[in-house]
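Spelled out from the first residue to the last, the chains are:
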Amino acid sequence: MGASTIDKLVESYVTGGVSRRDFMRRALALGLSMSAIGELLAACSNQTQSGQSTGTPKRGGTLREGYDLDFSRMDPINTTWYDPGFFALYDALVINDTNGAYVPQLAEKWTFSADGKTATFNIRKGAQFHSGRPVTAGAIKEVFDTIAQPNSGSPLATLWVGPVASTEAPDDNTLVIHLKHPYYDLLNVVKTGYWRVVNIQTRQKLGDQYGKQVIDGSGPFTFVDWVPGDHVSVKRWENYSGSIVPFFQNKGKPYLDGIKWIAILEASQRAIQIENGQIDTLRGPAYQDVPRLMKNSNLNVIQLKSDWSGYVAGLNFTRTNLDFHDKRVRQAVSYAIDRTAIVKSLFFGYAEPMYGPVPTADKYYTKQVEQFNQFNLSKGKQLMADAGWKPGSDGILTKNGVKHQFSMVIQAESVNQQLSSAVQAQLKALGMDVKIEAYDRGTYFNKLFSQPDSFLFFYQWPVPIDVVTLFINSAALSPNGPNWSMANIPEVDQAVAAWQTASNEKELADGAAKIQTVVADQLPIIPIVARQSFWVHRKNVHGWQPLKWDLYPYYNDVWLD
Amino acid sequence: MSTISQRRQEWERQVALAQAARPSRLRLAWQELSSNKLALVGFVIVLLYCLVALLGPVLAPNYATQVLNDARLAPLTPGHLLGTDDLGRDMLSRLVLGVRISIAVGLGTTAIALLVGTVAGMIMGYYRGWVDTIVNGFVEMVWGFPLILIAVLMVGALGPGLVGVVLAVGLINWAGFARIIRGEVLVLREREFIASARALGTGNTAIMVKHLLPNVIGPALVMGSYYVAVAIIVEAGLSFIGMGAQEPLPSLGKMVADGRGYMLVDHWISTVPGLAIVLLVLGLNVLGDGLRDIFDPRLRER
Amino acid sequence: MLRYLGRRSAYMALIVLLSSVAIFYSLRFAPGDPTGVTLNPLTAREAREAYREHLGLNRPVYEQYLIYVGRLVHGDLGTSLVNGSSNLELLQFYGRNSLVLGLTALALSYLVAIPLGILAAVKRNKWPDQLAMGGAILGMGIPNFWLALILVYFFSLNLNLLPAAGCCSPNQLILPAIVLAAEGTAVTTRMVRSSMLEQLRQDYVRTLRAQGLPEWRVVGRHVLRNALIPVISLSGLRLGWLIGYALIVETIFRWPGAGFLLVDSVIRRDYPVAQFFSLVLVFFVVMANWLADISYGLANPVVRRA
Chain V
1 MGASTIDKLV ESYVTGGVSR RDFMRRALAL GLSMSAIGEL LAACSNQTQS GQSTGTPKRG
61 GTLREGYDLD FSRMDPINTT WYDPGFFALY DALVINDTNG AYVPQLAEKW TFSADGKTAT
121 FNIRKGAQFH SGRPVTAGAI KEVFDTIAQP NSGSPLATLW VGPVASTEAP DDNTLVIHLK
181 HPYYDLLNVV KTGYWRVVNI QTRQKLGDQY GKQVIDGSGP FTFVDWVPGD HVSVKRWENY
241 SGSIVPFFQN KGKPYLDGIK WIAILEASQR AIQIENGQID TLRGPAYQDV PRLMKNSNLN
301 VIQLKSDWSG YVAGLNFTRT NLDFHDKRVR QAVSYAIDRT AIVKSLFFGY AEPMYGPVPT
361 ADKYYTKQVE QFNQFNLSKG KQLMADAGWK PGSDGILTKN GVKHQFSMVI QAESVNQQLS
421 SAVQAQLKAL GMDVKIEAYD RGTYFNKLFS QPDSFLFFYQ WPVPIDVVTL FINSAALSPN
481 GPNWSMANIP EVDQAVAAWQ TASNEKELAD GAAKIQTVVA DQLPIIPIVA RQSFWVHRKN
541 VHGWQPLKWD LYPYYNDVWL D
Chain U
1 MSTISQRRQE WERQVALAQA ARPSRLRLAW QELSSNKLAL VGFVIVLLYC LVALLGPVLA
61 PNYATQVLND ARLAPLTPGH LLGTDDLGRD MLSRLVLGVR ISIAVGLGTT AIALLVGTVA
121 GMIMGYYRGW VDTIVNGFVE MVWGFPLILI AVLMVGALGP GLVGVVLAVG LINWAGFARI
181 IRGEVLVLRE REFIASARAL GTGNTAIMVK HLLPNVIGPA LVMGSYYVAV AIIVEAGLSF
241 IGMGAQEPLP SLGKMVADGR GYMLVDHWIS TVPGLAIVLL VLGLNVLGDG LRDIFDPRLR
301 ER
Chain F
1 MLRYLGRRSA YMALIVLLSS VAIFYSLRFA PGDPTGVTLN PLTAREAREA YREHLGLNRP
61 VYEQYLIYVG RLVHGDLGTS LVNGSSNLEL LQFYGRNSLV LGLTALALSY LVAIPLGILA
121 AVKRNKWPDQ LAMGGAILGM GIPNFWLALI LVYFFSLNLN LLPAAGCCSP NQLILPAIVL
181 AAEGTAVTTR MVRSSMLEQL RQDYVRTLRA QGLPEWRVVG RHVLRNALIP VISLSGLRLG
241 WLIGYALIVE TIFRWPGAGF LLVDSVIRRD YPVAQFFSLV LVFFVVMANW LADISYGLAN
301 PVVRRA
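These protein sequence lines map, in sequence, to chains V, U and F. Under my numbering, think of the first position of the first sequence as 1, with each following residue one higher. Under my numbering, think of the first position of the second sequence as 1, with each following residue one higher. Under my numbering, think of the first position of the third sequence as 1, with each following residue one higher.
Mixed in with the good hints there might be a few duds.
Residues from chain F that face chain U, not an exhaustive set, calculated with beta carbons under 8 Å [to be verified]:
1. 26
2. 145
3. 151
4. 168
5. 218
6. 285
These stretches of chain V come out as covered by chain F in the derived footprint (C-beta under 8 Å, 3 or more residues) [to be verified]:
7. 272-286
8. 416-428
9. 436-443
Listed next, with one range per pair, are the computed distances between beta-carbon atoms [to be verified]:
10. 284(F) - 292(V): 51 to 57 Å
11. 111(U) - 257(V): 58 to 64 Å
12. 206(F) - 213(U): 39 to 45 Å
The set of hints was computed from the structure by calculation and includes no laboratory data. Where is the CB? At the ideal position from N, CA and C, for every residue including glycine.
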């Protein structure tokens, strides 16, 4: 019995992973004496881990959450993005607990066959949709079949359609997924917002109107309204049958009367609103406001190492006149970017340099990427010289009379603009003349698919590798898919294939490591920085715990003082 | 036959003599302007800004270099007379360049609006009838047209940047000019000198250019000075949405917009360009008042 | 009279119709379409194409326009592609907010400008006048977004007196209304002052004074009424201008008004909403112009015959 086992147990208790009774049981099993346990418990309850319930939960109140994004349609299958509301309105088959392990939500347990090509899920009894229809394996099969349809509009359908052969529901409580090849990543896919379970019957009946004003899910809250650009509201579902998620302390109806998510797109406004008490919780204050918030005695600031996002740049391989197809030139660009300086200046230190495509907080992160892409301007210049580019009289690299000038497409948003400014200046030092083109959202996505010279993109996904594969895979070349770099590198494709056919956690980790090192070396996309995630809540909010492993907190345990 | 043309030539000669004898319009205008102290102040301010704009690169050459150095968000220091912004760039240099760009934007849009609007207004007011109705219809359509739509179109067609903004704002603003000019022309055309010119057989175009235009320029310039200010502010508004000047170019409005997240940390980034805009707009408004007093003594409030 | 109204209505209807064509075509020619925003950009191409087909975006533009007009004629004003609300509902919500903000700003500016303008006129060239005029010039010069930043800085951040953003309580209305009213107040103050001065020059004032009426009665009852007529007559135009100009204020203070919705819908390429609200704006401006023309015509008979 090592000290680390006890530490883990204590951590689980303090973060709400195990209940008090479980804690005592396990501590006893580990051989601790009752008095030692008592002391530990006393010490635990004194620890003000943010959001930890101290006292008896009270019913009532509406939680007002401020977010740094604009909400979208509440339909998991056909939406622009999945919002915090999804966690209140819908359930998934499995989710992650605070340690990153897969735990039941709609599925009680699951097994993979020996050859890895069949996944069987035991669906819990007693779950219902808001409309009253029971959540059966058949209902879940309908969801997955809909996603698989070619024009379903599910954003990441490629992650499903490729590996999954068919879905079966032999009885009400058994769901079987037949795979074309081993696909352990399946669990990483079904836990995300786009695979949350919606009542397909309601969805079909309402057609286009579904998700806009009527929601039919199985989550503990029901839909009230959505004003785009402003807020989304939900209220407690009085007929909620309860949850089987192990780390929820409250297995029954939620304490909150309702939740209101408020979009605060102006970064400067976010901190102000929680300081003034206009909102109870906040995600993503502007970085320059964080020190002030930390000093505020009414607020708790939770700092998570990552919010599963990254800023990456891409160079268009078809621009052969600029030699973007030449690995040396891409590497030169990457060497010229001083990521540490960007982290310090733009993000006030609340970010980390990305030398590989995923942030360090990712459980699949491999340190091997750190040998690549370290800032080295002279090496960059050397590589460009090797590729035949010499600085002209104006300092711009030239080759055969062609100047190294190109445009970079970015979204017109403040951090993107600052970041692109910094990169522009750093590439100027290398001798490249970059012209920034900032577009509003609608035009930006149109331009991405129109073969731009280069682009800057911000991705966010709880399993970063899944989304990174789309940017680098030659099967997803633009305009068919989001490989806007037009990258076509066999080594990359092989690494992606290895990840996609992994049959257990180890193979998954190996596949992920390979993808990261290949991308860090070949640079189909150029990783820049990954930001940290800040969550703020007022001290009267309890049980509110932003998850390390997904994008939003769950609301079953939240109560207001 | 010859008598009429002779008489006409004689008349024109006498008019020319009479015109030569009196002080030129410009002199009169200058005398008026200099006696109005406030307007003079405005004039001087605007002149100063224009000088800064012209001399820009000479005064402060390093507006975009030295990014991300340790001198971020620094207050006044010897190397940076106005501090540095959020990326470490020298505020003074950016301010000078910003003035240049803002004035260029203001002048550019107003020039377009003035040109198109004056021509349209004169045509409307002079010809009246069907021509007036049709052109006026255009004016009303343009006036109500949402700026954002034109801006998005321009950005889509020309790419983001100042050219698109200038075109977009100019193409919307001409409507205001047209209406004012139309009103002026409607009044002017009833005056005797127009009637006599027409009686002498002067062509319509000649009348508009030689007789109407000089009288209409006055109010047009008055409006112009106000509109330069409006254009600068509208460009700043577009910068809020990211459609104005592109990195690394600053315009005064964009600098204020960029700095708004740092108000509690270092408000200087927004305050300096903000003050610059206020002063410029004040100067323009006051100058406009002065010009109006010159050209339209009826409205003078002595 | 009836003939004039009929002609004028037909004229305005024509303008609105032509504007609708221009708006419709502009939206279709701008790069990008709803699929870029209502769908996730990572969505498979097939799905995007299917959605375009579903929206009828692959048909020739004139055909789409005729379908659109057909629906309008049948009373279908359109529903948002983003959130499914009908345009009428959106108009009720966002339009009402804009109206509330605009009217409050208008009322605020009159409450300040009229007394100030009167004071300035009565105490001409003395210090109240110069102070008022100085203030007016300043009010005209400050860009509204900068004023918004400054007010939020002082009243929200430092003094914690007022909320920094949001809708729809009276508390949240104060700062945006002040910012919106600022420029209008300055202009109106000057207008009131010059209108008062013009009235004070008139003969009837001398007559009234000669008749022995006390000064406050002369000014308060007679001069004021005449002076305010041109000011009030332009209030419709003023309100329309305020509502259109309110966009920046609405964005900064997150006040969900029609200006904000218009810009947002154009950026999102939410065609039905962008079209509808653009048309509403055009209609509004056309009406306001008409009212302005009427009042201008009443004031200047020379023009009326035109």
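Go through the numbered hints given earlier and state which of them the structure violates, listing their numbers in rising order. 3, 4, 5, 8 and 10
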